[in-house]
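Participant: Sequence:
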Amino acid sequence: PRSPIGAPRGETPGGGNCARGPGRVDLAGRNALGLIATASNANKALQPLWVVEDSFGRRVCRIGGFSETDTPSFTGWLYRVNHVAPPVSAELAPVKKGDEVLWVFADFGSGENTGDELVLEAPVRATPGLVEVSVNAISFDGRVLPAPDGTVVSGGEAPVSVAGGKAMVTLPAGVATLRATGPGAAPAEIPSAPTPVCVAASLSDCFLARGSTVVGTNLRDSFKGGGGPDVVRTRGGRDEVRVRGGGSDLVDCGNGRDVVIVDASDRVRRCEKVRRP
Numbered sequence: 184p185r186s187p188i189g190a191p192r193g194e195t196p197g198g199g200n201c202a203r204g205p206g207r208v209d210l211a212g213r214n215a216l217g218l219i220a221t222a223s224n225a226n227k228a229l230q231p232l233w234v235v236e237d238s239f240g241r242r243v244c245r246i247g248g249f250s251e252t253d254t255p256s257f258t259g260w261l262y263r264v265n266h267v268a269p270p271v272s273a274e275l276a277p278v279k280k281g282d283e284v285l286w287v288f289a290d291f292g293s294g295e296n297t298g299d300e301l302v303l304e305a306p307v308r309a310t311p312g313l314v315e316v317s318v319n320a321i322s323f324d325g326r327v328l329p330a331p332d333g334t335v336v337s338g339g340e341a342p343v344s345v346a347g348g349k350a351m352v353t354l355p356a357g358v359a360t361l362r363a364t365g366p367g368a369a370p371a372e373i374p375s376a377p378t379p380v381c382v383a384a385s386l387s388d389c390f391l392a393r394g395s396t397v398v399g400t401n402l403r404d405s406f407k408g409g410g411g412p413d414v415v416r417t418r419g420g421r422d423e424v425r426v427r428g429g430g431s432d433l434v435d436c437g438n439g440r441d442v443v444i445v446d447a448s449d450r451v452r453r454c455e456k457v458r459r460p
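Position one of the sequence shown corresponds to residue 184 (this note's numbering), numbered consecutively onward.
Just so you know, the hints here were simulated from the structure itself, not pulled from any lab data. Worth double-checking, as some hints may not be accurate.
Stated by the list, open to error - Distance condition first, Cα-Cα at most 25 Å in a straight line; then the derived SDA-like pairs of lysine to any residue:
id	residue 1	residue 2
1	Lys-280	Gly-325
2	Lys-227	Val-457
3	Lys-280	Asn-401
4	Lys-279	Gly-419
5	Lys-279	Asn-224
6	Lys-407	Thr-378
7	Lys-407	Pro-379
8	Lys-280	Arg-403
9	Lys-456	Gly-410
10	Lys-280	Pro-270
11	Lys-349	Val-335
12	Lys-349	Leu-285
13	Lys-349	Glu-304
14	Lys-227	Gly-206
15	Lys-407	Thr-396
16	Lys-349	Pro-379
Please model the entire structure based on the sequences and the hints provided.
Facilitator: Structure follows, in structure tokens:
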């Protein structure tokens, strides 16, 4: 993201629950706070996003329907960069190309989502039947251990429990989306990201890589596709998109005069100049 990025101002009257405040806050773009503000501007599911300014700096107090509260339970938003919780506010945590930023809503009363982050690893493609997956738990300072026994992996034919950081999941033909959640009714562990697995009798019917969803800015951007079926949404600006090779991609152009370079199997929407083989 490029500076500045505007975000609605929030406030916590009396140090209590998050509420809409007056005006907006201008944010620098290349940090964890600017990144989530940019994502909110492009994705209605992340709206509203409110930013509070207090003696601790700037922080997020609301994303979508989840707002920081003091009562009846103390809740709030936490973040990690590349699975590690930085010791500074999100506005002071720089991000660069390839970084992963996770925002999670934590309930400090019940302990839900306050613990280790679960990371599930599964093959990109598999044949129907039993498939082994691994689940690790990453602490706030980046230490990696096997996920606790009793962690549940869902998305297969039936949920299965993890033992020693491993689980055997039964997958039917199609696309299975796997996810790991911690044990118990309100687990402290942060659930893993949904992980799709292409399941087919012939592995050649599946792509070699998972696809990505890429969303641009309202300025001039350049996009390059990967090895899977990618979705590219350019938004505004005079953009250039190159998605030849890989899977069957979808390019959705926004305002501006965009140039897209695609394969015959790729789909395009609202693009001004399209180059196919």
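Participant: Can the restraint linking Lys-280 and Asn-401 be considered satisfied, given a maximum Cα separation of 25 Å?
Facilitator: Holds: Lys-280 and Asn-401 sit about 18 Å apart, inside 25 Å.
Participant: Is it true that the CA of Lys-407 sits at most 25 Å from the CA of Thr-396?
Facilitator: Holds, because 12 Å separates the two Cα atoms, which is no more than 25 Å.
Participant: Quickly compare the C-alpha distance for Lys-279 and Gly-419 to 25 Å and report which way the hint goes.
Facilitator: 22 Å, holds
Participant: Given the hinted pair Lys-456 and Gly-410, is their Cα-Cα distance within 25 Å?
Facilitator: 23 Å, holds
Participant: Is it true that the CA of Lys-407 sits at most 25 Å from the CA of Thr-378?
Facilitator: Distance of about 22 Å is within 25 Å: holds.
Participant: Would you mind confirming whether the straight-line C-alpha gap from Lys-349 to Val-335 stays at or under 25 Å?
Facilitator: 10 Å, holds
Participant: With the threshold set at 25 Å, check whether the alpha-carbon distance from Lys-280 to Pro-270 stays at or below it.
Facilitator: 21 Å, holds
Participant: Checking one constraint from the list: CA of Lys-279 to CA of Asn-224, max 25 Å. Satisfied?
Facilitator: Holds, at about 20 Å.
Participant: Taken at face value, is the distance from the CA of Pro-379 to the CA of Lys-407 at most 25 Å?
Facilitator: Holds - the C-alpha atoms of Pro-379 and Lys-407 are around 21 Å apart, at most 25 Å.
Participant: Does Leu-285 sit within 25 Å of Lys-349, going by the straight-line distance between their CA atoms?
Facilitator: At roughly 24 Å apart (the allowed maximum being 25 Å), Leu-285 and Lys-349 satisfy the hint.
Participant: Just to be careful, I want the Cα atoms of Lys-227 and Gly-206 compared with a cutoff of 25 Å; is the pair within it?
Facilitator: With Cα atoms ~20 Å apart, Lys-227 and Gly-206 stay inside 25 Å; holds.
Participant: Has the given pair, Lys-349 with Pro-379, been kept, meaning a C-alpha gap of at most 25 Å?
Facilitator: Holds, at about 17 Å.
This entry does not satisfy hint 2, going by the numbered hints stated previously; all others are met.
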